[in-house]
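Residue numbers (our numbering), protein chains in the order written: chain A, 8 to 395; chain B, 8 to 261; chain C, 40 to 345.
I should point out that these hints are in silico values taken from the structure, not numbers from a laboratory.
Backbone N, C-alpha and C define an ideal beta-carbon position, used for all residues, glycine too.
Fair warning: there could be bad hints in the mix.
Claimed, not checked - Derived contacts from chain A toward chain B, CB cut-off under 8 Å, selection only:
| id | residue |
| --- | --- |
| 1 | 205 |
| 2 | 208 |
| 3 | 257 |
| 4 | 258 |
| 5 | 261 |
| 6 | 362 |
| 7 | 365 |
| 8 | 369 |
| 9 | 386 |
| 10 | 388 |
As the list claims (entries may be wrong) - Simulated crosslink set (PhoX-like; lysine-lysine; CA at most 20 Å straight-line):
| id | chain 1 | residue 1 | chain 2 | residue 2 |
| --- | --- | --- | --- | --- |
| 11 | A | 384 | C | 139 |
| 12 | A | 61 | A | 177 |
| 13 | B | 13 | B | 113 |
| 14 | A | 20 | A | 74 |
| 15 | A | 177 | B | 76 |
| 16 | B | 99 | C | 332 |
| 17 | B | 13 | B | 29 |
| 18 | A | 77 | B | 126 |
| 19 | A | 177 | C | 332 |
| 20 | C | 344 | A | 177 |
| 21 | B | 126 | B | 113 |
| 22 | A | 286 | A | 70 |
| 23 | A | 61 | A | 384 |
| 24 | A | 20 | A | 70 |
| 25 | A | 286 | B | 138 |
| 26 | B | 99 | B | 76 |
| 27 | B | 113 | B | 138 |
| 28 | B | 127 | B | 138 |
| 29 | B | 138 | B | 126 |
| 30 | B | 138 | B | 250 |
| 31 | B | 15 | B | 76 |
| 32 | B | 138 | B | 205 |
| 33 | B | 76 | B | 29 |
| 34 | A | 384 | B | 99 |
| 35 | B | 15 | B | 29 |
| 36 | A | 20 | A | 77 |
| 37 | A | 286 | B | 76 |
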Amino acid sequence: MTDRQTHLQNTGKFVAPLGVLIFFAAMALAITMNLWTTLAVVVVLTALLIFGEKRGFVETAYKMVEKNYKITVAVFVAALLLFPIALRGNSYFLHILVIAGIYAMVALGLNFQIGSMGQVNFAPAAMFGIGAYTSAMVSVHYGASPWLGMIAAVIVTAGMGVVFGFPALKTRGFYFSLVTIAVQTIFVLLVVNTDWLGGPNGIPGIPAFSLFGRSLKQTGNLFGMLLPYQINYIYLTFFLLILLIIVARRLYTSRFGLAWNAIEEDEIVAATQGINLTKLKLLSFSIGSVFAGIAGSIYAHYTSFIGTEDFDFNKSLILICMVLLGGMDNPVGVTLGAVLLTVIDEKLRVFADYRMLMYSVILIVVLVVRAQGLLPKRNRTYPGTEEG
Amino acid sequence: MDTLLKTKDLTINFGGLLAVNKVNCEMNNEVLGLIGPNGSGKTTFLNLISGIYNATDGEIEFQGRNITKLQASDIRSIGIARTFQTNRLCLKLTVLDNMLLGLFSKQQIRWWETIFNQKKHHLELRVNIDKCLHVLSYFNEELVEQKYELIDTIPLIDRRRIEIARALVSDPALLLLDEPTAGLNPQETHSIVEDLKKIREKTGISMIFIEHDMGVISTIADRVVVLNAGQIIAEGSFAEVSKNEEVRSAYLGS
Amino acid sequence: MLYAQIINAVMLGCTYSLVAIGFSLFFGVLDTVVFCTGDVAIFSSFSVVLLVQITALYALLIGLFNPFFSILITVLLAAVITAALMVIMYQLVIKPFENKSSLMPLLSTIAAGIALRELIGIFFPQGRNPRSFPELLSMERIFEALPGISWRNGIIILATILIVALLHWFINKTKIGLSIQAVSQNREAATMVGINRNLVIYVTFIVGGLILGFSGFLIGSYYSVIRFDLGASFGLKGFSAAVVGGLGNLYGAIVGSMLIAFAEVFVSAYIPGGTAYAGIAAFVLVLLFILFKPEGVLGSRSIEKV
Ligand SMILES: Nc1ncnc2c1ncn2[C@@H]1O[C@H](COP(=O)(O)OP(=O)(O)O)[C@@H](O)[C@H]1O
Ligand SMILES: [Mg+2]
């Protein structure tokens, strides 16, 4: 081991966990304070990232985390477990966290198309909705357990991913986008016009998940501290989210992630390397849909009411913004983007009229100023081969 | 000797332009030089074989199997690899990732295994990376050091080498080279041609070699086919072909 | 019944076709879908409302000229404003992304469309409420014997035909029009023979902007009530029509618009409960075309050069 690496390991042991804690403090600030504080946090974060990249700090930080992976993850998980407990006084803040986790899952799924393959899918909200509606219908109409609903959601979204994916994936570029717009629009119109699916009234009274015979809607009690029920959902959501991040990262470093990147750059070259374009695109579309389906199921059983306005074209755009802002093809970045935008979105409720304007401006600004997003994609390095 | 590749009346029609017109070509285990003036259909011929274009008419047979209708990805998997006239590497990927792409069709691992069976994933990756670096080092040792560099930062000569290496890494039986020396200076050209000759000696791989430089063709090609306006106008050894009147007039632009 | 439905469909097709032509024009020179096209058309409708109802310009004109000229001047003014907007759009959200990943102008023009519609919603007086469009064209029948053909409908159809004819002349008979065609067909070759691509793009955006400007007036007159977010659906329909007809082909855009309009009108008229599904009909048509005839009705199938 070289001097520099030992140095990274030693200092990283403290710096990396400290960074995690500072990150959580910033998040707490962003969630609990008003819109301007939230925006300030985002701006400071961005400035730090850009400055840090120029000076090479960001690379150092990544290395430090890699060298002290276990301890950093341990601190991160501990902080994540304690974070909601610290915020227990205000269930609205907790609610924001649940929603952030749910959107992060959908955004991660969307990233397989936009980030990895460079194809803009405008229907993530539809897939999210298909998951939510499936899960809700299974438990409301057939009285099945919400967990069964989630499994049904996974199966149905995977199937829908293939069904809708097929026409979408025979095409690319604008045609692909048009197909997904069509899917998104058809989904909303069909649901609104189908009484069986609640039509314009939505589906009320969706039961909550329960675990070990306890409903997740029950308030908890820890050493005399009253824990609002949202905390249960935070743990559930973030547990699943972390699993999905791991899945996304593994796919990214696999030959499939690489093939997606190749398709993004040059489909002809990809094909001549033996990559079956249709299969790979279908894979990206259906795995992404399953991510959205899982998220949709949690959403349905968390809010207990769903309607089409939760899954419309605007929602798809917001999800696209999350991927773009966070950093395309970087699962951690995408998650960060989703959390930040969800928080900002909630703060903007007071200014509901300006919401979509703000998203469109964010989208354009990100595209012009920093198209690679906050945490850009990193080149793959493979453990075991010494680094250059 | 067995026929490796055989085309029967191979034709493609681009809205009236017969870029490849009733080409009957047969090759065994050899290096076939493909020459002809600009726009004569050489690249289109490779595109047809490698499955990028679908033939309007005619057939392609590879190792006795009819491959006319196969997709580009399947063609690579059955052992035909190619390079492009304008260097086409993935600029946003690293040298190593570009090489790994060449191995895509040789990898066994399924997508669910990459998620649930990391052990298998790492094992396979290990083997593949070694293979990639081995092939790279054959062309230029330095490229092994630069494996994590983006293609953006690599000079043209090395990009040409990487592209050939990417094609070779999957151990194809037939390598299609579309002007691998275009844009290179004489020393660089020489170096690439020497490397290719050595590879031919070592592995016995067959090649179709499109080239403008007759000097190069004369040293590397066992046999030469001359295309003009989509049709074969001559074939045979370089010495024979270069004496052919029709070939001369096609090149001089009659 | 059938007669009335056919008239409906033709009218609807007219309102789509100018927007679809906009998509095709821009796509031709840029190889990019300019997604804010629909919103720009609706922006023009609001410009007319602004000129007529809010700034009293029309009242002033009508005191000076006869109604025909007053309307013409108002609409021309709205079209010029729209063309200027289109050029600004190009400058702000398309030009920065030239030679970059094609996903960027796609997203930026969608975002620009949303921004435009939200800005109307926020800054136009009562912007988020449906707005009645000034009834400048008479609803009376032209011929007593022919129901359904009011002056308004007749003028909309005639204006559409006139605009298309003018465009046809411009594209085929003027030097700059021919350059636009050359750039659409083969960008590299066009620059090689010395065509100034930048100029061509600006002219295309001005011409396209003018066409969208007129379409805003026609759309407003036909619907008589407009909403700030109408641009979203017009954009989608227009783009769909352009694809169905053959993206990049101006006459295909008209054919596509008519096909989509007929599909919508006939689904809602003849299928029980069909009104609800009329919107879906257009998209199903697009899906079918993309799957089975991606080059559209009039487009030609070309093999991508490698
Ligand atoms: N996809 C295509 N569409 C239309 N014409 C093409 C296409 N590909 C190649 N051509 C035409 O076919 C002819 C042969 O081209 P090519 O095979 O590239 O020639 P060469 O490689 O021998 O210089 C040229 O006239 C070229 O313009
Ligand atoms: Mg060539």
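Tested hints:
1. 205: violated (35 Å)
2. 208: For residue 208 (chain A), the interface hint is violated, since the closest Cβ of chain B sits about 39 Å away, which is over 8 Å.
3. 257: holds (5 Å)
4. 258: holds (6 Å)
5. 261: holds (4 Å)
6. 362: Status violated, d = 34 Å.
7. 365: violated (30 Å)
8. 369: Violated, about 24 Å.
9. 386: holds (5 Å)
10. 388: At 6 Å from the nearest chain B Cβ, residue 388 (chain A) passes the 8 Å test, so the hint holds.
11. A:384 with C:139: holds (17 Å)
12. A:61 with A:177: violated (41 Å)
13. B:13 with B:113: Given that 20 Å is the threshold and the Cα spacing comes to 25 Å, the pair is violated.
14. A:20 with A:74: Within the cut-off at roughly 8 Å; holds.
15. A:177 with B:76: holds (17 Å)
16. B:99 with C:332: This hinted pair is violated, its Cα atoms lying about 33 Å apart.
17. B:13 with B:29: holds (12 Å)
18. A:77 with B:126: holds (19 Å)
19. A:177 with C:332: holds (12 Å)
20. C:344 with A:177: holds (18 Å)
21. B:126 with B:113: Distance ~18 Å between residue 126 (chain B) and residue 113 (chain B) Cα, so the pair holds.
22. A:286 with A:70: Distance of about 35 Å is beyond 20 Å: violated.
23. A:61 with A:384: holds (16 Å)
24. A:20 with A:70: holds (11 Å)
25. A:286 with B:138: Between residue 286 (chain A) and residue 138 (chain B) the Cα gap is close to 26 Å, so the pair fails against 20 Å, i.e. violated.
26. B:99 with B:76: Roughly 32 Å separates the two Cα atoms, so the pair is violated.
27. B:113 with B:138: holds (11 Å)
28. B:127 with B:138: Holds, at roughly 17 Å.
29. B:138 with B:126: Since the Cα atoms of residue 138 (chain B) and residue 126 (chain B) sit roughly 19 Å apart, the hinted pair holds (cutoff 20 Å).
30. B:138 with B:250: violated (44 Å)
31. B:15 with B:76: holds (14 Å)
32. B:138 with B:205: holds (18 Å)
33. B:76 with B:29: Holds: residue 76 (chain B) and residue 29 (chain B) sit about 17 Å apart, inside 20 Å.
34. A:384 with B:99: holds (11 Å)
35. B:15 with B:29: holds (7 Å)
36. A:20 with A:77: Measuring from Cα to Cα gives roughly 10 Å; hence the hint holds.
37. A:286 with B:76: Given that 20 Å is the threshold and the Cα spacing comes to 18 Å, the pair holds.
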